[in-house]
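> Under my numbering, the first residue of the sequence shown carries the number 50, and numbering increases by one thereafter.
It should be emphasised that the hints constitute simulated quantities derived from the structure, not laboratory data. Hints are supplied without guarantee of correctness; some may be wrong.
[Claimed, not checked] Calculated lysine to aspartate or glutamate pairs in the DMTMM-like style (CA-CA distance at most 25 angstroms, straight line):
1. 153 with 68
2. 209 with 57
3. 85 with 57
4. 51 with 146
5. 85 with 71
6. 51 with 76
7. 209 with 71
8. 51 with 68
9. 85 with 54
10. 153 with 76
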Amino acid sequence: MKIEEIYERAIAIMSRPGETWETIRVETGQSIQVLKGYLLPFSLLIAATSLFGQVMFGTGIGTYAGIADVTTTVLMSFFTPLLLVFSLFMLSYLLGDFFGGTGKPGHHIVWLSYAFTPLYLADTLSSLHWTFSWIMVFGLYSAYLLWTGIPYMCGIPAGKRFPFFVMILLLTGLFLILLYWLAPSILL
50 MKIEEIYERA IAIMSRPGET WETIRVETGQ SIQVLKGYLL PFSLLIAATS LFGQVMFGTG
110 IGTYAGIADV TTTVLMSFFT PLLLVFSLFM LSYLLGDFFG GTGKPGHHIV WLSYAFTPLY
170 LADTLSSLHW TFSWIMVFGL YSAYLLWTGI PYMCGIPAGK RFPFFVMILL LTGLFLILLY
230 WLAPSILL
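All chains should be built: construct the whole structure from the sequences, respecting the hints.
And the structure:
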């Protein structure tokens with residue numbers, strides 16, 4: 050995807066999620082293109098802003114990060130969106146079958162890649178400087194995008210959408226907690 054296409058899709062998914070999910074659902078054979086042309090550029094952007102923020106501003110007031118800290122932060126920033134989407138893809142597809150969903154595997158991975166767009170944007174800005182951490186609150190809009198995408202992308206019946214949604218939110222929170230609290234202690 051070109052930068053203009055990424056920008057247009059990000060704006061569309063955040064401003065008009067219902068009609069955009071319908072458009073995305075009928076697009077065929079796009080899961081690899083979405084991963085390479087949407088998710089990967091966002092991961093690279095987050096890693097680049099994280100590197101810039103760590104090198105220019107450090108990790109706090111008057112402190113500068115060492116090479117190991119910068120490397121760990123940049124790698125975590127790059128791999129977090131990728132790991133989040135891939136792990137939740139597998140879990141959502143398995144849970145989708147359990148909840149009676151009719152979505153294809155490609156629909157699940159595209160759904161998760163696009164639904165976390167506000168989180169990608171918030172992470173990009175908040176990784177520039179630690180004082181921008183409050184921007185991550187806007188990443189919570191991803192929960193709304195997850196909810197609106199369930200009927201279009203996962204095909205979960207109406208009576209089972211809320212439990213499926215809650216399970217996905219809990220798994221997302223658990224994944225991020227494990228990744229951000231356990232991974233640095235293992236890596237360092």
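> Which hint numbers doesn't this structure obey?
Violated: hints 2, 4.
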